[in-house]
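Undergrad: Take a look at the letters that make up each chain.
There are 4 protein chains.
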Amino acid sequence: MAVLTWNRYGKSSVRLVKVRRTTEPHEIVDLTIDVALEGTFDKVYTDGDNSACLATDTMKNTVYAFARVEPIDHVESFAVKLAEYFCERPGVSTACIQAAEHPWTRLQPHAFVRSGDEEWTTTVTSNGDRVSIVSGLRGLVVLKTTDSAFSGFPRDQFTTLPETRDRILATSITSTWTYADGFSDFGKRDAIRSALLKTFADHKSESVQQTLYEMGQAALAACDGVRDIQLSLPNRHHLLVDLAPFGLDNPNEIFVATEQPFGLIEARITRQA
Amino acid sequence: MAVLTWNRYGKSSVRLVKVRRTTEPHEIVDLTIDVALEGTFDKVYTDGDNSACLATDTMKNTVYAFARVEPIDHVESFAVKLAEYFCERPGVSTACIQAAEHPWTRLQPHAFVRSGDEEWTTTVTSNGDRVSIVSGLRGLVVLKTTDSAFSGFPRDQFTTLPETRDRILATSITSTWTYADGFSDFGKRDAIRSALLKTFADHKSESVQQTLYEMGQAALAACDGVRDIQLSLPNRHHLLVDLAPFGLDNPNEIFVATEQPFGLIEARITRQA
Amino acid sequence: MAVLTWNRYGKSSVRLVKVRRTTEPHEIVDLTIDVALEGTFDKVYTDGDNSACLATDTMKNTVYAFARVEPIDHVESFAVKLAEYFCERPGVSTACIQAAEHPWTRLQPHAFVRSGDEEWTTTVTSNGDRVSIVSGLRGLVVLKTTDSAFSGFPRDQFTTLPETRDRILATSITSTWTYADGFSDFGKRDAIRSALLKTFADHKSESVQQTLYEMGQAALAACDGVRDIQLSLPNRHHLLVDLAPFGLDNPNEIFVATEQPFGLIEARITRQA
Amino acid sequence: MAVLTWNRYGKSSVRLVKVRRTTEPHEIVDLTIDVALEGTFDKVYTDGDNSACLATDTMKNTVYAFARVEPIDHVESFAVKLAEYFCERPGVSTACIQAAEHPWTRLQPHAFVRSGDEEWTTTVTSNGDRVSIVSGLRGLVVLKTTDSAFSGFPRDQFTTLPETRDRILATSITSTWTYADGFSDFGKRDAIRSALLKTFADHKSESVQQTLYEMGQAALAACDGVRDIQLSLPNRHHLLVDLAPFGLDNPNEIFVATEQPFGLIEARITRQA
Numbered sequence: 212m213a214v215l216t217w218n219r220y221g222k223s224s225v226r227l228v229k230v231r232r233t234t235e236p237h238e239i240v241d242l243t244i245d246v247a248l249e250g251t252f253d254k255v256y257t258d259g260d261n262s263a264c265l266a267t268d269t270m271k272n273t274v275y276a277f278a279r280v281e282p283i284d285h286v287e288s289f290a291v292k293l294a295e296y297f298c299e300r301p302g303v304s305t306a307c308i309q310a311a312e313h314p315w316t317r318l319q320p321h322a323f324v325r326s327g328d329e330e331w332t333t334t335v336t337s338n339g340d341r342v343s344i345v346s347g348l349r350g351l352v353v354l355k356t357t358d359s360a361f362s363g364f365p366r367d368q369f370t371t372l373p374e375t376r377d378r379i380l381a382t383s384i385t386s387t388w389t390y391a392d393g394f395s396d397f398g399k400r401d402a403i404r405s406a407l408l409k410t411f412a413d414h415k416s417e418s419v420q421q422t423l424y425e426m427g428q429a430a431l432a433a434c435d436g437v438r439d440i441q442l443s444l445p446n447r448h449h450l451l452v453d454l455a456p457f458g459l460d461n462p463n464e465i466f467v468a469t470e471q472p473f474g475l476i477e478a479r480i481t482r483q484a
Numbered sequence: 212m213a214v215l216t217w218n219r220y221g222k223s224s225v226r227l228v229k230v231r232r233t234t235e236p237h238e239i240v241d242l243t244i245d246v247a248l249e250g251t252f253d254k255v256y257t258d259g260d261n262s263a264c265l266a267t268d269t270m271k272n273t274v275y276a277f278a279r280v281e282p283i284d285h286v287e288s289f290a291v292k293l294a295e296y297f298c299e300r301p302g303v304s305t306a307c308i309q310a311a312e313h314p315w316t317r318l319q320p321h322a323f324v325r326s327g328d329e330e331w332t333t334t335v336t337s338n339g340d341r342v343s344i345v346s347g348l349r350g351l352v353v354l355k356t357t358d359s360a361f362s363g364f365p366r367d368q369f370t371t372l373p374e375t376r377d378r379i380l381a382t383s384i385t386s387t388w389t390y391a392d393g394f395s396d397f398g399k400r401d402a403i404r405s406a407l408l409k410t411f412a413d414h415k416s417e418s419v420q421q422t423l424y425e426m427g428q429a430a431l432a433a434c435d436g437v438r439d440i441q442l443s444l445p446n447r448h449h450l451l452v453d454l455a456p457f458g459l460d461n462p463n464e465i466f467v468a469t470e471q472p473f474g475l476i477e478a479r480i481t482r483q484a
Numbered sequence: 212m213a214v215l216t217w218n219r220y221g222k223s224s225v226r227l228v229k230v231r232r233t234t235e236p237h238e239i240v241d242l243t244i245d246v247a248l249e250g251t252f253d254k255v256y257t258d259g260d261n262s263a264c265l266a267t268d269t270m271k272n273t274v275y276a277f278a279r280v281e282p283i284d285h286v287e288s289f290a291v292k293l294a295e296y297f298c299e300r301p302g303v304s305t306a307c308i309q310a311a312e313h314p315w316t317r318l319q320p321h322a323f324v325r326s327g328d329e330e331w332t333t334t335v336t337s338n339g340d341r342v343s344i345v346s347g348l349r350g351l352v353v354l355k356t357t358d359s360a361f362s363g364f365p366r367d368q369f370t371t372l373p374e375t376r377d378r379i380l381a382t383s384i385t386s387t388w389t390y391a392d393g394f395s396d397f398g399k400r401d402a403i404r405s406a407l408l409k410t411f412a413d414h415k416s417e418s419v420q421q422t423l424y425e426m427g428q429a430a431l432a433a434c435d436g437v438r439d440i441q442l443s444l445p446n447r448h449h450l451l452v453d454l455a456p457f458g459l460d461n462p463n464e465i466f467v468a469t470e471q472p473f474g475l476i477e478a479r480i481t482r483q484a
Numbered sequence: 212m213a214v215l216t217w218n219r220y221g222k223s224s225v226r227l228v229k230v231r232r233t234t235e236p237h238e239i240v241d242l243t244i245d246v247a248l249e250g251t252f253d254k255v256y257t258d259g260d261n262s263a264c265l266a267t268d269t270m271k272n273t274v275y276a277f278a279r280v281e282p283i284d285h286v287e288s289f290a291v292k293l294a295e296y297f298c299e300r301p302g303v304s305t306a307c308i309q310a311a312e313h314p315w316t317r318l319q320p321h322a323f324v325r326s327g328d329e330e331w332t333t334t335v336t337s338n339g340d341r342v343s344i345v346s347g348l349r350g351l352v353v354l355k356t357t358d359s360a361f362s363g364f365p366r367d368q369f370t371t372l373p374e375t376r377d378r379i380l381a382t383s384i385t386s387t388w389t390y391a392d393g394f395s396d397f398g399k400r401d402a403i404r405s406a407l408l409k410t411f412a413d414h415k416s417e418s419v420q421q422t423l424y425e426m427g428q429a430a431l432a433a434c435d436g437v438r439d440i441q442l443s444l445p446n447r448h449h450l451l452v453d454l455a456p457f458g459l460d461n462p463n464e465i466f467v468a469t470e471q472p473f474g475l476i477e478a479r480i481t482r483q484a
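Chains as they are written, first to last, in our numbering: chain A, 212 to 484; chain B, 212 to 484; chain C, 212 to 484; chain D, 212 to 484.
The following block holds chain A by itself, in its conformation from the complex (with noise of 0.2 Å):
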């Protein structure tokens, strides 16, 4: 016998622009949400029956009333009154509102240049007594030219790597933090990106590993509110080119920059009393 043991379901990729014309200058808040929900919903898989089952369609349409309503001065305080809302309709044991933000950078009083795919991203979880909040980024893609070396780790049968005191550095940097619960100081997060790229830049390196473990500490020293961080940096690897044939040397001057394989390194760094 085969038994529905979980589900979830949802609407995902709204698109909301908000334009804010009762200020000058105008501002612009771009967003792409989700809307995830888990409760009572077994009769719709087993039985074909739909009378609990709010429409996706429904759940986009609320989207976009709240943003009527809403200030969205920051996308947590956003994602936080749609996932209490929706934790609230019948059926709903938890509602999970993802998003991401993408960034604008101002131009003129009207007029807006994107900034690049790096995006601000939020999770917002309610289970009606409880929210929980775990806001990040992703896409922010930074290279080091020095600083950074790979030595020292063991060797096997199948290792060819050669040792290195000097190497680029580059990643795509996402990382996601937990906030303490009754925090609302969404705008620090500023603060947490401008000490993971100080740190990424300052460290002299000798691992991803390291560099990343130095990353979270320093996203922790830059507001108290965050519980805990998760790192995620593949190394995108820069391969020194052979010029030797050619009758040149390559003092760590010209490099193949690759996108397969990739090294990935992960982890997560949590505040401790």
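No lab work stands behind these hints, which were simulated from the structure alone.
Glycine included, every Cβ here is placed at the ideal spot set by N, Cα and C.
Every clue listed holds true.
Okay, the calculated bits of chain A under chain D, using three or more residues with CB under 8 Å as the criterion: (1) 229-236; (2) 325-339; (3) 346-356; (4) 463-474.
Knowing the structure of chain A, use the given hints to seat chains B, C and D on it.
TA: What follows is chains B, C and D alone, placed relative to chain A:
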């Protein structure tokens, strides 16, 4: 104080093509492999001490060397070999091998054509004692032109969606299933795929949810060795175009295929004794 | 002084799915259409005078209305109807319709599975007097495990590539072909595709270039109505992995599939009287 | 009979990163380069005779070797050197070098952050006698919240679009411009980019077309050495959400950002004596 509470690292997107020439006709296996290890690697992060840090480049080399020696009859067996090997390296507590297999269709004894973007997947995890095998597929895009309804759902202040007894249903199937311990008849994946497809096509659907549940049941019925199956079905909405302004009717004939937003329906179905 | 010396505008990526329900089994046509117009639109640019500027939204509506009325037996015939219609709008001198057809394979009378990323294409251009039809395909990914060599090429100071008499040859075929004026047997595209595939598979290749030329000749032979054919073949390099450091040979068996860089070979073959 | 009437071949997507360490702070150049050659290569296609076929692998090596020797102060100068070199190889009649430059913003003397997906481009073509240089940019995404109208357009049986005097205007700018023969002040691209951005932001727009024309004029004014400029502006539609069903107004505040379909407006503006 900040403490390292979790870490994992490895090599991702190792692209491996193996040609078996000893048989006629030639056979080809096309894989993308990720290796990820957990273990006693804290000092790499906290002290910059790489003495326990197996280089991710070594992991890549190991994959290629194993590929030469192993037959790779099933991607699962190959991943098990890799997981068991890595799990025995110093300091490793858990080794996880993820593989995507890109299928090719034979044209001729030595020539092949790619069968679209659909992929077989497997995730093999070993902790030294126990090996878990979760296989699946993704990117299997299907559409039915009838036998799909969505009605009887609740209406609130934000509901505008009309009820329908006949709509297009389209999705891109992602599924993962867990094999029972000791299972090794991995060729059964074809029967699971067939069951998913046949059920999608034949089911009189009251919702994506109900069709998902039927598909999961059929997959469990198709392979005794599957303990549970998870399905993730994005609802690729096909919206009926309003042709009335142009003096034309539209008897369920002309649709806009949209990408954003999309419904997302997910569930797990588990075999019970 | 700056002068407007060329302009074109239109609507792109109009997603259209037509279901033919009057027949059994159901049939489905899945198209992405671009409309582009040239004509006497200078004042739109230079004076902000929109009186001659057919809205691109109107173009989109026109596509959907025509889709209701036209059978769309062949994407080319449908594109011809649209091109001729748009060419008669005020101010239009040239109308260009580009269409990509996304193929589906039948599972059951009312259900279908997407046949990968391969697409049929057509570009129909009308200037009111004459209609040109250039059809094609793209994303047809093929690979052969033998019968491909590359040797005898010149060696200069920057050459390091070894000669080979046996390598993997893989490519993603993009091809466009021009039909003769008055040609209308558009179902012949299947024969052209088959000729391309069979020649790729059977040819004893001295280079991608030579195989391309054979493929083009075979395509012309497969359809009298084709005046010329253009092929664009990226060389998707599969590099032999050096396993010697691990004490293993590699008799053309283990390869890395790479994406960057890639060779790109292009040519046009024209029928001569 | 079938005859080879055109051919071209080369290496695409050569990824090159050069670090200049001899200066403080370090400088980085990040390029993706395509080499394409035309010439007397017919026998490669028709006879399988590779004696004239410079290997595309050799082209790649040449790019890296030149990168070591050349300063790459401007991507254009580097591409000219490559084009002239390849044009002198046996059999080559035309060499075309395309380059995309991926910009990085300095964080610190030896660390950088990627400035989004925007890229500088150049296409340098040499036939041995004459070198043409067409530079540009792509992926520059901009949006304005007011000063954009679209009204006064013709209405026919398929027109449903309402007129508007105030809408969001968003686009991703792709532009290419041709430098006059002998021009070498390639740092002027920054002035061109600034002129495009400033005009987009400041223009009271009656249509994308009119704004495009103003942008092109401003670019020509910003750099005397530009002979003509081409702009391609997709209209990234932001649709006003109808909130009336929920009892809410929407005073140009809440929008859906859509990707498909999109308007596409293109033109060339040429300097006249």
